[in-house]
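**Q** Sequence:
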Amino acid sequence: MYGTMEEEEYEFQDVDLPDEPYFCSQAEFNGKSDSLFFNDGVRRIDYILVYEDEDKKDFDKRHTFQRRKRRREYFEASLMKMGIELEATQSVINDKLLFVKVHMPWDVLCTYAEVLHIKLPIEPNDLSSRPSPWRCLSCITKHFYPDEQLIMKETEFFTAPFDKDRLEYFHVRDKDLFFTAAMRSRMAYYILSRAPYEIRGNTKKFGITKLLDSGVYKAAYPLHDSRFNVKSEEEGSTSERYLLYREWAHPKSFYKMQPLNLIRKYYGEKIGIYFAWLGFYTIMLALAAVVGLVCFIYGYKTQDASTWSKEVCDPAIGGQIMMCPQCDRECIYWRLNSTCEASKKLCIFDNFGTLVFAVFMSIWVTLFLECWKRYQAELEYMWDTVEFLEQDEPPRPEYEAKCTHERKNPVTGVKEKVPYTACGRCLRVSVGIGTVFFWILLILASIVAIIVYRLAAFFAFSAKLRAQDLKELEPLKEYVTPQMATAVTASLISFVVIMILNILYERVAIWITDFELPRTKTDYENSLTLKMFLFQFVNYYSSCFYIAFVKGKVVGFPGHPVYLLGKYRNEECDPGGCLIELTTQL
1 MYGTMEEEEY
11 EFQDVDLPDE
21 PYFCSQAEFN
31 GKSDSLFFND
41 GVRRIDYILV
51 YEDEDKKDFD
61 KRHTFQRRKR
71 RREYFEASLM
81 KMGIELEATQ
91 SVINDKLLFV
101 KVHMPWDVLC
111 TYAEVLHIKL
121 PIEPNDLSSR
131 PSPWRCLSCI
141 TKHFYPDEQL
151 IMKETEFFTA
161 PFDKDRLEYF
171 HVRDKDLFFT
181 AAMRSRMAYY
191 ILSRAPYEIR
201 GNTKKFGITK
211 LLDSGVYKAA
221 YPLHDSRFNV
231 KSEEEGSTSE
241 RYLLYREWAH
251 PKSFYKMQPL
261 NLIRKYYGEK
271 IGIYFAWLGF
281 YTIMLALAAV
291 VGLVCFIYGY
301 KTQDASTWSK
311 EVCDPAIGGQ
321 IMMCPQCDRE
331 CIYWRLNSTC
341 EASKKLCIFD
351 NFGTLVFAVF
361 MSIWVTLFLE
371 CWKRYQAELE
381 YMWDTVEFLE
391 QDEPPRPEYE
401 AKCTHERKNP
411 VTGVKEKVPY
421 TACGRCLRVS
431 VGIGTVFFWI
441 LLILASIVAI
451 IVYRLAAFFA
461 FSAKLRAQDL
471 KELEPLKEYV
481 TPQMATAVTA
491 SLISFVVIMI
501 LNILYERVAI
511 WITDFELPRT
521 KTDYENSLTL
531 KMFLFQFVNY
541 YSSCFYIAFV
551 KGKVVGFPGH
561 PVYLLGKYRN
571 EECDPGGCLI
581 ELTTQL
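When the count follows full-length UniProt numbering, it moves up by one through the sequence shown with no breaks and lands on 586 for the last residue.
Hints are computed from structural coordinates only; laboratory data are not their basis.
Even for Gly, the Cβ is constructed at its ideal location relative to N, Cα and C.
Warning: the hint list may mix true and false statements.
[Said to hold, decoys possible] Below, in silico cross-link-like pairs of lysine-lysine (DSS-like), each with a Cα-Cα straight-line distance of 27 Å or less: (1) 373 x 205; (2) 310 x 345; (3) 521 x 344; (4) 521 x 373; (5) 310 x 69; (6) 402 x 417; (7) 142 x 344; (8) 210 x 521; (9) 81 x 344; (10) 265 x 69.
[Said to hold, decoys possible] Here are the simulated distance ranges between beta carbons: (11) 311 x 445: 40 to 50 Å; (12) 92 x 127: 45 to 55 Å; (13) 105 x 511: 31 to 41 Å.
The task is simple: from the sequences and hints, build the whole structure.
**A** What follows is the structure in structure tokens.
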């Protein structure tokens, strides 16, 4: 069967495999601009391979170039042996670049559609659809949807996993249009990622990703069907990219609903479901933003009427209350009304509206999750992805390459090859879990370091900002308090640390997931997502968690303060609380 690796021991070099192929407009092949076909005008281009002509390179690197050339020739011969048709064209812009056009004939498409269990139409859907509840307002709502004359509603079909032996049961009106561009690109990439390019003894090297990594090819990508802003005039081109730009991506269409069916058809279900989620999330956030804006305006309008801020600012009340020093040596006693402006600003975020907004958001989160589940189920039914089974998903080529150990399948009882033993599997998982926890502990250590900085910085700012001879800050003295200066600088440092750790950990997480060697692409993405979620949740929100629930809770009482590490006096919140600092950190 096509796409199945032989049971040999392979040498494999791990590379960073992109989730989605890179798309590029076609403008340099043969003499015809925007052509999607071979020079004969019949065979459609499914993929493009780009390499540089080594014969025009320096002589001192000729040995390396010859090795690359041998690998490329073997790889292309392997593709042709698998039924792929190729055609090379020199670039009209750079004479050193050569483009290899890849075409999958009908028989090859049918074979790999069956291998990948792609669902295809068998007959039109004759079930009556539920009428829209907003049909009475269609004269108004139609302006918020893509133009139906440009993006016409497609016929719905009953579908089934493709079976080459039952081709007569499928709804094949045009062989060139039966498989969508997304399906053809997916099948082409599946073949390219498994075609061998070198064999040495019992070692078989394969895959376009390793050839890209080693410089044999400069790029590999499928083509768009047209330029994004110009409709293709070529016969047989649907110009779906142009339609998506005009009715979806263009700034003037910002108010329109997304053409999800066309996005799904052009880019595939994975990209389609992402933009469906993004659109649904944006609409739900707009509702939350309106409520949040109302609560913010309420707090801004009532900041001067707040009983708490009026008592703090009143010279007869707040002016008569002396507060204890907030550090041991340089800090002095201070009056409560010195925080008058800060208390007013605090009332913008800490008022009755904040309580209402918190209750609203707790309800909003639940409604968002449940409504999205309902909407997702509707899309899965419409796009016919409900019965997708993970066991039907083909193994990753990286997994197949390492299959050197035999074991008996506990379900079928058939002997099969796996890349590791049970002990090896435990070792790989243990290394992954241990690495994730190490990085989480590293985050917590950075939080402790920032807390120590807060304590030391507050001491320094208290000594500077409380000084009586500080004339240059006199206009801003009511706003630039030691608490605010410490909060802003600590937030900036925390931001830098968060971004650095995030960049480093992303690479580590990919390396760990590659080391674990998941069987399918779905397993790989789930494992990587879990690692990234655990890390980013702790990395992004640990400092906010500290300010909201820890800071100011264990400070002791006058005369008996609590010290961190036996040296630094534990920091306190502003007299009005830590909400302003939490807002700054967010």
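**Q** Please go over all the hints and tell whether each is borne out by the structure.
**A** Here's how the hints hold up against the structure:
| no. | hint | verdict |
| --- | --- | --- |
| 1 | 373 x 205 | violated (43 Å) |
| 2 | 310 x 345 | holds (12 Å) |
| 3 | 521 x 344 | violated (54 Å) |
| 4 | 521 x 373 | holds (23 Å) |
| 5 | 310 x 69 | violated (81 Å) |
| 6 | 402 x 417 | holds (9 Å) |
| 7 | 142 x 344 | violated (47 Å) |
| 8 | 210 x 521 | holds (17 Å) |
| 9 | 81 x 344 | violated (76 Å) |
| 10 | 265 x 69 | violated (37 Å) |
| 11 | 311 x 445: 40 to 50 Å | holds (42 Å) |
| 12 | 92 x 127: 45 to 55 Å | holds (52 Å) |
| 13 | 105 x 511: 31 to 41 Å | holds (39 Å) |
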